[in-house]
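Just so you know, the protein sequences line up as chains A and B, in that order.
Per this note's numbering, the very first residue in the first sequence carries number 1; after that it's consecutive.
Per this note's numbering, the very first residue in the second sequence carries number 1; after that it's consecutive.
Misleading hints may appear alongside valid ones.
Note that the list lumps identical chains together, so a pair holds whenever it fits in one copy or between two copies.
As the list claims (entries may be wrong) - Listed next, the in silico SDA-like pairs over lysine to any residue satisfying Cα-Cα at most 25 Å (straight line):
{"hint": "1", "residue 1": "Lys226", "residue 2": "Leu324"}
{"hint": "2", "residue 1": "Lys181", "residue 2": "Gln120"}
{"hint": "3", "residue 1": "Lys226", "residue 2": "Arg258"}
{"hint": "4", "residue 1": "Lys323", "residue 2": "Asp220"}
{"hint": "5", "residue 1": "Lys237", "residue 2": "Gly266"}
{"hint": "6", "residue 1": "Lys326", "residue 2": "Asp110"}
{"hint": "7", "residue 1": "Lys326", "residue 2": "Ile387"}
{"hint": "8", "residue 1": "Lys186", "residue 2": "Ser60"}
{"hint": "9", "residue 1": "Lys91", "residue 2": "Gly46"}
{"hint": "10", "residue 1": "Lys326", "residue 2": "Asn223"}
{"hint": "11", "residue 1": "Lys91", "residue 2": "Ser60"}
{"hint": "12", "residue 1": "Lys91", "residue 2": "Ser45"}
{"hint": "13", "residue 1": "Lys326", "residue 2": "Asp225"}
{"hint": "14", "residue 1": "Lys326", "residue 2": "Arg258"}
{"hint": "15", "residue 1": "Lys237", "residue 2": "Phe308"}
{"hint": "16", "residue 1": "Lys84", "residue 2": "Pro134"}
Please keep in mind that the hints were generated in silico from the structure rather than gathered at the bench.
Since we're looking at a predicted model, the values are computed, not measured.
As a plain string of letters, each chain reads:
There are 2 protein chains.
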Amino acid sequence: MKSLFLGFLLMACYAPLSADENRGTGDLGIVVERANGSLQVIESSGNTLLGRIEGLGDLSHASAVFSRDERFAYLFGRDGGLTKVDILQRKVVARTIQSGNSIGGAISQDGTLVAVSNYQPGGVRIFNAATLAPVAEIPAEYGGGKPSKVVGLVDAPGNRFVFSLWDAGEIWVAEMNDPAKPVIHKYKGVGMQPYDALITPDGRYYIAGLYGEDGLALLDLWNLDKGPRRILGDYGKGQQKLPVYKMPHLEGWAVAGRQLFIPAVGRHQVLVVDTETWREVGRLDMHGQPVFVMSRPDGRQVWVNFAFPDNDTIQVIDTQSRKLIKTLQPGKGVLHMEFEPRGEEVWVSVRDIDRLQVYDTDSFERVAEWPAMKPSGIFLTSRAHRIGL
Amino acid sequence: MKSLFLGFLLMACYAPLSADENRGTGDLGIVVERANGSLQVIESSGNTLLGRIEGLGDLSHASAVFSRDERFAYLFGRDGGLTKVDILQRKVVARTIQSGNSIGGAISQDGTLVAVSNYQPGGVRIFNAATLAPVAEIPAEYGGGKPSKVVGLVDAPGNRFVFSLWDAGEIWVAEMNDPAKPVIHKYKGVGMQPYDALITPDGRYYIAGLYGEDGLALLDLWNLDKGPRRILGDYGKGQQKLPVYKMPHLEGWAVAGRQLFIPAVGRHQVLVVDTETWREVGRLDMHGQPVFVMSRPDGRQVWVNFAFPDNDTIQVIDTQSRKLIKTLQPGKGVLHMEFEPRGEEVWVSVRDIDRLQVYDTDSFERVAEWPAMKPSGIFLTSRAHRIGL
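The following block holds chain A by itself, in its conformation from the complex:
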């Protein structure tokens, strides 16, 4: 086990590796430093900072996906910037401002295509993953040519992209076998204002959250002919119209066995859903309004962070007993958590105190910590091997 002692020793140390060193890339990762438009490149074997990549523009709400060789990251910036960075050599290799305002992206199953979903002008743009050359454009028009904002874009098995149309209330599935000519399947009337979505880790179920009404839209990608259906009809802001400080992220929803742990909207609760019946089977009271609800890779623990003003805290649920087993206080502004692929440690970005922290998930001890400039999203290269990430 990596010791706490080692962790302290490594605090704030800038690693001595040269950027062109020959090394494996399976234990690398990037951390978005929002204040600076930069990325920290880190490694999770010794928990050290290897260096920075700078000049990436507006990185608020930025997210990333990885090439299948775990060497390159594709950054999706809120300013419409799509940037390909070489993590190994720590430099930008290609960058394009592909729209006025974008909200995330995905990489195809075979790693050859990168897709970006756009607010402004709407639609999805597809790029060659090697060069970032444009390959195709999906306008996402509805109701006689009106453009829709696109959200909740994910990759799915069969070299498909799946996404939701905020303005149209639709879910679209794009088959990319002929990349220049995507085959689109459109599902209308899924609900008002889908605002985000997730795909289950096996790539089978696509679930969109609805901002404009309660409930969730579920599409079974193994049975597209059945179309979308509504699940968890009470899920959402509800009739009481509670103040919602932050709509919870859907991307990190935790699957443990057949249980799905999801953040309640506006309530200090995590809900437990049975993924066979898609019904709620329990709820747990929590410290605040949950934002990310993420399962350790073995499914035994679920880690939860919270919206302001409770965002200095993380709570850990034991999925077998469905009980709260730990409350941690990393500091103000816990924005994101990322598990190492076999789950022994978890990385935490704490924005307001400008710290990056690593915790042992068995002992809950902090094993490493160092400065970061307003850190937000943390992305480890192991995501390259997982469906929907």
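Given chain A, work out where chain B should sit, using these hints.
Using the frame of chain A, we list chain B on its own:
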């Protein structure tokens, strides 16, 4: 999609990359060439052979695990050899003959320890993953000091190793938090002659096959106090004592949702087991006696190869309909299959015709093929990120 044309173009081509090139390691893999005591180093983005590593001794039944940075592989040879190879630079970096006869190994969750299970002299030996220096020895003695052969060694969450004692009929769990002083939990009377084992992908259930009697021994690692129990009492060679050409491998058992697909012993069938009740819920008639029954990472397909004389064939099951959807004939001596991490392609070693083949799992087309010297086990570096592999 990687085209068939590209596949043919790449047939038998020896890649031009130099061994010290800076590159990612997430799409690399090794293929055991038994005849030659060598490994092919391959990459799965373009499906090419990058080079060979030679001088690895007796590689019959050899298996491998990977360092968490996906740069190094640890090879477990039947001759007791433990070899650490640098896949990136394609060379042996450390090698030790650690016993007279070994049967596989594992790497700890945190990547710091490598464990090897031995037939001769029995027991488990633990090595430092960086240097291969000995760290600890677990003798596996029973009945007043008799040594037992050890089989079915896997890693489990919580930095544990789990293994079975063939002679003793026991399952042991070793906690490695203080590596020099493993804490051992022993479970006796699990059944006669456990011969191999698997751990479910979430790292929760350890299941040992029994050679000396029917049924399987199941240990729930989340509830060790409950001890092992017997499941599938009819599973095994049965009262008819059918000729068994090859005991099926347990390692590759396929989990799809809550269904487990397992090879029948001695029968031309694959059994379907419900992982909540641990009861058989169906069986499918197959082309021969199944050896490996492996699920595509998304769980939608299960691929099966067979024992002699039917080992020229692969069959594919659709897990939703539980129907056979494809029969392929790669050639005589199909020994192993390995899925790419997001499941778009599968690698197949065909020993008797000295070929390595890659298939698209959607179209079932062969997309690449080249010569290999009696290829057997195929191991992609993405295993580094998975529990129990």
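Hints versus structure:
no.	hint	in the structure
1	Lys226 x Leu324	between (38 Å within a copy, 23 Å between copies)
2	Lys181 x Gln120	within (22 Å within a copy, 60 Å between copies)
3	Lys226 x Arg258	both (22 Å within a copy, 22 Å between copies)
4	Lys323 x Asp220	between (30 Å within a copy, 19 Å between copies)
5	Lys237 x Gly266	within (6 Å within a copy, 57 Å between copies)
6	Lys326 x Asp110	between (39 Å within a copy, 22 Å between copies)
7	Lys326 x Ile387	between (30 Å within a copy, 24 Å between copies)
8	Lys186 x Ser60	neither (31 Å within a copy, 52 Å between copies)
9	Lys91 x Gly46	both (22 Å within a copy, 24 Å between copies)
10	Lys326 x Asn223	between (40 Å within a copy, 20 Å between copies)
11	Lys91 x Ser60	within (20 Å within a copy, 44 Å between copies)
12	Lys91 x Ser45	both (22 Å within a copy, 22 Å between copies)
13	Lys326 x Asp225	between (44 Å within a copy, 22 Å between copies)
14	Lys326 x Arg258	within (23 Å within a copy, 29 Å between copies)
15	Lys237 x Phe308	within (17 Å within a copy, 61 Å between copies)
16	Lys84 x Pro134	within (14 Å within a copy, 43 Å between copies)
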